[in-house]
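Counting from 4, one number per residue, gives the positions in the sequence shown under this note's numbering.
Read the hints as simulated data drawn from the structure, not as lab findings.
Just to be clear, a hint being listed does not mean it is correct.
Said to hold, decoys possible - Each computed DSS-like pair below joins lysine-lysine, with the alpha-carbon atoms no more than 27 Å apart: (1) 325 - 301; (2) 569 - 370; (3) 457 - 395; (4) 370 - 576; (5) 176 - 119; (6) 604 - 370; (7) 370 - 395; (8) 176 - 325; (9) 376 - 176; (10) 181 - 245; (11) 310 - 412; (12) 412 - 338; (13) 215 - 200; (14) 301 - 412; (15) 326 - 245; (16) 245 - 215; (17) 457 - 326; (18) 376 - 446; (19) 446 - 412.
Unchecked claim - Using C-beta positions, here's what the derived DEER-type ranges look like: (20) 129 - 34: 14 to 20 Å; (21) 40 - 114: 23 to 29 Å; (22) 142 - 571: 53 to 59 Å.
Even for Gly, the Cβ is constructed at its ideal location relative to N, Cα and C.
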Amino acid sequence: MPRTKKIMLWSAIGSSAILFACVIFLLAFDWNHARPWINTHVSAAIGRDFAINGDLELTWQRSQVSTGTWRDWVPVPRLSAHDVSLSNPDWSRGGPNMVEVGHITFSVYPLPLLNKTIVIPTLQLDDPIVKLERMRDGRNNWTFKQNAPSAWTLDLQGLLFYKGEVSLKDEIKHIDAKASIDTLEPSAANDFVMDWKLSGTFNGARISGDGKAGALLALKNVDKPFPLQAQLNVGQTSIRVKGSVTKPQDLAAIDMQLHLSGASMADLYPLTGITLPKTPEFSTEGHLIGTTNALGGKWTYDKFRGKVGESDISGTLMYESKKPRPLLSGDVVSKLLRLSDLGPIIGADSNESKKERGVAASQPENKVLPVEKFTTERWGSIDADVRISGRKIIRDASLPIENLDTHLKLNDRVVTLMPLNFGVAGGNMIANIKLDGRNDIIKAEAKISARHLKLKQLFPTFQPMQASFGEINGDTSLSATGNSIASMLASSNGEIKALINEGTISKLLLEQIGLNIGNIILSELFGDKQVQLNCMASDLTVTNGIVQTRTLIVDTDDATLYITGKIDLAQEKLDLTINPKSKGLRIVSLRTPLYVAGDFKNPKVNVDKGVLALKAGSAIVLGALAPVTALLPLVNVGSDENNKCKVLLKEAQAKPVAPPPGKTYKGKVRNPA
Numbered sequence: 004m005p006r007t008k009k010i011m012l013w014s015a016i017g018s019s020a021i022l023f024a025c026v027i028f029l030l031a032f033d034w035n036h037a038r039p040w041i042n043t044h045v046s047a048a049i050g051r052d053f054a055i056n057g058d059l060e061l062t063w064q065r066s067q068v069s070t071g072t073w074r075d076w077v078p079v080p081r082l083s084a085h086d087v088s089l090s091n092p093d094w095s096r097g098g099p100n101m102v103e104v105g106h107i108t109f110s111v112y113p114l115p116l117l118n119k120t121i122v123i124p125t126l127q128l129d130d131p132i133v134k135l136e137r138m139r140d141g142r143n144n145w146t147f148k149q150n151a152p153s154a155w156t157l158d159l160q161g162l163l164f165y166k167g168e169v170s171l172k173d174e175i176k177h178i179d180a181k182a183s184i185d186t187l188e189p190s191a192a193n194d195f196v197m198d199w200k201l202s203g204t205f206n207g208a209r210i211s212g213d214g215k216a217g218a219l220l221a222l223k224n225v226d227k228p229f230p231l232q233a234q235l236n237v238g239q240t241s242i243r244v245k246g247s248v249t250k251p252q253d254l255a256a257i258d259m260q261l262h263l264s265g266a267s268m269a270d271l272y273p274l275t276g277i278t279l280p281k282t283p284e285f286s287t288e289g290h291l292i293g294t295t296n297a298l299g300g301k302w303t304y305d306k307f308r309g310k311v312g313e314s315d316i317s318g319t320l321m322y323e324s325k326k327p328r329p330l331l332s333g334d335v336v337s338k339l340l341r342l343s344d345l346g347p348i349i350g351a352d353s354n355e356s357k358k359e360r361g362v363a364a365s366q367p368e369n370k371v372l373p374v375e376k377f378t379t380e381r382w383g384s385i386d387a388d389v390r391i392s393g394r395k396i397i398r399d400a401s402l403p404i405e406n407l408d409t410h411l412k413l414n415d416r417v418v419t420l421m422p423l424n425f426g427v428a429g430g431n432m433i434a435n436i437k438l439d440g441r442n443d444i445i446k447a448e449a450k451i452s453a454r455h456l457k458l459k460q461l462f463p464t465f466q467p468m469q470a471s472f473g474e475i476n477g478d479t480s481l482s483a484t485g486n487s488i489a490s491m492l493a494s495s496n497g498e499i500k501a502l503i504n505e506g507t508i509s510k511l512l513l514e515q516i517g518l519n520i521g522n523i524i525l526s527e528l529f530g531d532k533q534v535q536l537n538c539m540a541s542d543l544t545v546t547n548g549i550v551q552t553r554t555l556i557v558d559t560d561d562a563t564l565y566i567t568g569k570i571d572l573a574q575e576k577l578d579l580t581i582n583p584k585s586k587g588l589r590i591v592s593l594r595t596p597l598y599v600a601g602d603f604k605n606p607k608v609n610v611d612k613g614v615l616a617l618k619a620g621s622a623i624v625l626g627a628l629a630p631v632t633a634l635l636p637l638v639n640v641g642s643d644e645n646n647k648c649k650v651l652l653k654e655a656q657a658k659p660v661a662p663p664p665g666k667t668y669k670g671k672v673r674n675p676a
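With the sequences and hints as input, model every part of the structure.
Okay, structure coming up:
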């Protein structure tokens, strides 16, 4: 045999012998002798005490993860360690150890070690207990000692839990929760390999939940979505999801059905970071799809459907992370919207409604105007650009409102509804509303126009009104400051103008619509009979929450009523004088003025019998001086030549105006009395 071939043969035999000897050594070696060395070096590397307290073993077996190549036939080393622990940092309140594992088993591919890559196809943890903790100052126990970058790379491809427990105490997010995790038996019916159950508290509210998931960290195949199914309850809010996540460690893509329900949409803020209004009980279900980017991602809640109170909602909303604030945009549609469901949004719901929703009552029993404050501190967390429409809106069975349409914008704490447009009683109302929440006190502006509201359609269930041909037209311009409807009205400035032409009124009608003041006045003047209304004209100024009459005239077949005085919106007090001018001697009560006083809840009407001799003269003076000309533009809106309000209106004046929020109304208040 040539010398070269002999050298090659003996080299091969020698290498095989060395490899065989190494294998025999690895198989025969008692790895427990290596535990102190492993414990010391791992502890030094991470800056925590690491210990393998039980047996450490090495076996060889074929890989349990099939690659479809020759590598499947090459045995791989499999390490097994019992009673493993990892300590907590000194400041921890969670006990001595962060991690305790009854048994750890994992395999390592040998060949990648030549390239300084540790490939672990599956890491199995039996009876693990993991305690995660974060303090208020930001310290956490899952961040380890930072060393120089390692030349070695860890490739962990799969993680399995058997009867594990993971807890989290987070003082920043106010979470104290515990999850039990276990591995499911393999099944061809689904891709779920793990289930979990959750309990604890979040922001003081009880949380509970359960769910199923795919193999944790089985994430290398980005083309195969990671399956997820979960149900989570946070207080009165319930969340259900079913779908998939692609590359979960990066949340590269989410595609799942999402169901949300709870006592109020405002309760979702701690979970989502999205500012939503206070609402009655709600539920929605839709298709959630999203992708992440450097700023956070873009998410779409597509074709969702649901209910808020007794109102239905549907549409599509998009959330996009961007600078300086994220943006919520989209369209929301309601086929049937009840105004009572909007009450909580503006603080106008009753104490009984709050009690049903589990919310503390804030409205004093002796107050009518809503005092609940707007939560402006969250307005700066997001911008919004959402179009909202309602096909049919119900105040109650007697007042249908249709075709609401508005464009809601929130930009740097400034909310606008421009325009807020809806049809009512054969006419329509248009409002432009602005709420500036950039300071501690909101600055508000509102311009409202009502056109062609038909009286018989406004009260469709009141039979005597059905013969009426009258309609309502009006304009309002107000500015204010405050953090609730009550405080805004208490500081408001501006003008209010309105006309009602050709209608009928009675005590019964006023009782039906809840106008206690008018009900009492009408009873004093006319008893309980039906009264033909020719025209009602009002021109009011508002100065620092005081509503002052420039013109307030009610013309009926029996008499013309001239009303003067003021209404204090801050104190909810009335101070009005009604001077009647009788058109006949048949109504004795009209010879005496009425004084309306008291508060909005309990108004009082008194008769002054000592000034009978002044009645005729004062009524004439009032009729001559009343500045009704400012109301003529409201008559000219589609009115005919027989409009009876033209008897009172001579010429047109400017539209109502309001000063900037926080400024006092400077218009001259005329008081003919």
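Requested in this report: Against the earlier hints, flag every one the structure doesn't satisfy and list their numbers going up.
Outcome: Of the numbered hints, 5, 7, 15 and 17 do not hold.
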